[in-house]
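With the hints as constraints, model all of the structure from the sequences given.
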Amino acid sequence: MTTYLPATRRRPGTDAPLARRRLVTNAGPADVLFRAVARGGGSLVLVLMVMVGTFLAYRAWEALRVAGFSFVTTQDWNPDGGGFGIAAVIVGTVLIALVAIAAAVPLALGAALYIAEYAPRWLRRTLIAVVDLMAAVPSVVYGLWGAFFLQWRVVGLSRWISDWFGWIPVFRVDGVQRHDPLTTATAYTSSTFIAGIVVALMVAPIACSIMREAFSLAPAGEREGAYALGATRWGMIRRVVLPFGRGAIIGGTMLGLGRALGETIAVVMIISPRFIIQPHILENGTSSVSSLIALRYGESSPFGISALMAAGVALFVLTLIVNFLAAWVVSRSRSGAVSEV
Amino acid sequence: MTVLDRAQPPAVNTPVTQVPPRPAGLPPQIRRRTRGLRRTDWLAVLGASAAASAATGVLWMQLGPFTGLLGYVVVTWLVLVGCYALLISFDENLSAMRDRVASLAVHSLGLVLLLALLFVIGYTLLRGWHALVHLNFFTQDLRSTQATDPLTRGGVVHAVAGTLIELAIALGLAVPLGLLAAVYLHEVPGPFSRFLRTVVEAMTALPDIIAGLFIYATLVLIFRLGPSGLAAGAALGVTIVPIITRAADVVLRLVPGSLKEASFALGASRWRTTWYVLLPSARSGLATAVILGAARAIGETSPVLLVAGATGYLNLNPLHGSMMSLPLLAFTLVQSPEHNEVARGFGAALVLLVLVVVLFVITRVIGGRAPGDLSARQRRRRATASQRDAARIAQRRGGRVVTYAPTTPTTAPLEHP
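Here the protein sequences line up with chains Y and F, keeping their order. Letter by letter, the first sequence follows residues 2 to 342 in the working numbering. Letter by letter, the second sequence follows residues 596 to 1012 in the working numbering.
These aren't lab readings, by the way, just hints derived from the structure by calculation. Bear in mind that the values here come from a model prediction, so they are computed numbers and not experimental data. C-beta atoms are modelled at their ideal positions from N, C-alpha and C, and glycine is treated no differently. Do not take every clue at face value.
Claimed, not checked - Coverage of chain Y stretches by chain F, computed from C-beta distances (three or more under 8 Å per stretch; other residues unrestricted):
1) 73-86
2) 134-146
3) 229-238
4) 279-289
This is the structure we're talking about:
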């Protein structure tokens, strides 16, 4: 079959070809209105999000002006008489989040690989539903479990770690004799470690769900190629699935980190607040920004509220940085791209 | 191409695979199993776990000063991996050994996570059950209930009502805004919508307490709105706007471009395409997005903690007075030293969990369908509508033929589209 192109149209009387036609969409009034409304909705969401930051900063300004740079270095929280600062709570927040991520990422990765690669087909849909459901379970439920069940049962593990690995500064517990069976269990409860484990269970389903989705999208052609070259199943996973899902692994981790940094209720229910920099994760007493706000907002003077807003701004900036990094990493990766095969 | 019938040689150009005849006297061939577990695989796992638990048991009870069940399980698992690797290495090569050990690790990690998650739910179920079996738990509030009162007095109806009212306010705020923003992201591409998408993605993990602080800084401090259901609903709405926007954006991107192009080709405007093609095609996905947001909003405690206030009274007016919600109630009750209060708290958490599960099941039932993938009923309805259209068109064409071209068969080519 042949396609005949019409001869190039000439402008009458000259040799010059006709100028390229400009394509114009003539949007009717309904379309103009539609675009305006959609643009308005989008802008409203943006304004709302920007307003969250601005209003917090505006309210925090009073406290920040008084505290100055010492806001970053002070550990104590005493806005109405003496110094206040976020040094202790930010460190506590980051430590809880790091413990949570350290526990959650291997679990999430293992579960995601199991669901995407190992689980039999009939089980897979159920497991996906379970993990997605767990991501929607309210944090207060995890908090209840942590405070009433895990708290006293994990003491043995905490004691064991601190007895045998106490020479690593992070695992040391001050004021406790090593191998002393008479040590009260309360030295080990309400710690960063326990809060971190509970938060880990909360963020693991979220991270798992993201990773699982990317793993299951790994191109079939490349999988079969790996098998054809004689790879074992693990060899295929290491060379095809994991590199393909690397962006999702990092992105899921970062998203989990963002959630872990901001988690409030589960942390409040477990820790006993203490406003010093607490690098010993097994020891009783720590603090986090969100739990500070939740515990102190009720009893605060207007200036105290302003100081809490300042702490909120610090948390906001921290999570925003983490989330932007996550979005950037995910958008740069190949995850989810369709294979050319 | 494999040719088995060698009596007739094929045409010259066709490549031929010659299958040599099978020598006589060999045993019959048995199809090899290439997947599934062999007996030795099971035996290796069982043997390794027996060895591991016995070795750790000796270590725990006889040799070392170790205590605690959790530590026992962890050490057993580590020994198990070692033993298993050793057993496999007796009759496999290195890469097969790595494969087996990795498989064991992945299986156990997945199992641990799933068991832990199910256990969290099971524990709440177990502890909350005592409160739930009393009918008054669903018909009374806590206005006259003392902490020491038995479980046969007092209930959570005020918190259920508060949760539902706050949820309605939050959805009323977040659903139009979120869906509109998602449509904007999808329909009006450009640098601004790219920027908006980045902001929304970063805001998805906005700490919930920040939303509470924001509402506190605006509605409470500036507009002098006291602790109320409206403030709590607004805080929840701010929390879930980015979640709904993001989920809806992802769903809209899944609508096949050909559907939209077909609509444009028929001369529909952008607005009509969005309203009659884009949104209906993505309807189930959009519903999923909304319900996901609702599940998140229903369980959030911290925004509510800041702006709703706590009360034991049933309050149906969102504009005035404190309003209790289920997560906040659970959080408040379990801080009491009284056994019955804690039981009520677990009961409230269980009711909340049931609400979330119901929302989740609804998501599973209506969601999960790709755009254009219709249920049987929808397909029947479409077929009926399309027959009606066909009848209408035929009728109109008949009219036209009569009016404009009574004798000439101008419509003939249309008979064979």
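Here is what the structure says about each hint:
| no. | hint | in the structure |
| --- | --- | --- |
| 1 | 73-86 | violated (count 0) |
| 2 | 134-146 | holds (count 12) |
| 3 | 229-238 | holds (count 5) |
| 4 | 279-289 | violated (count 0) |
Hint compliance for this structure: hints 1, 4 are broken, all remaining hints hold.
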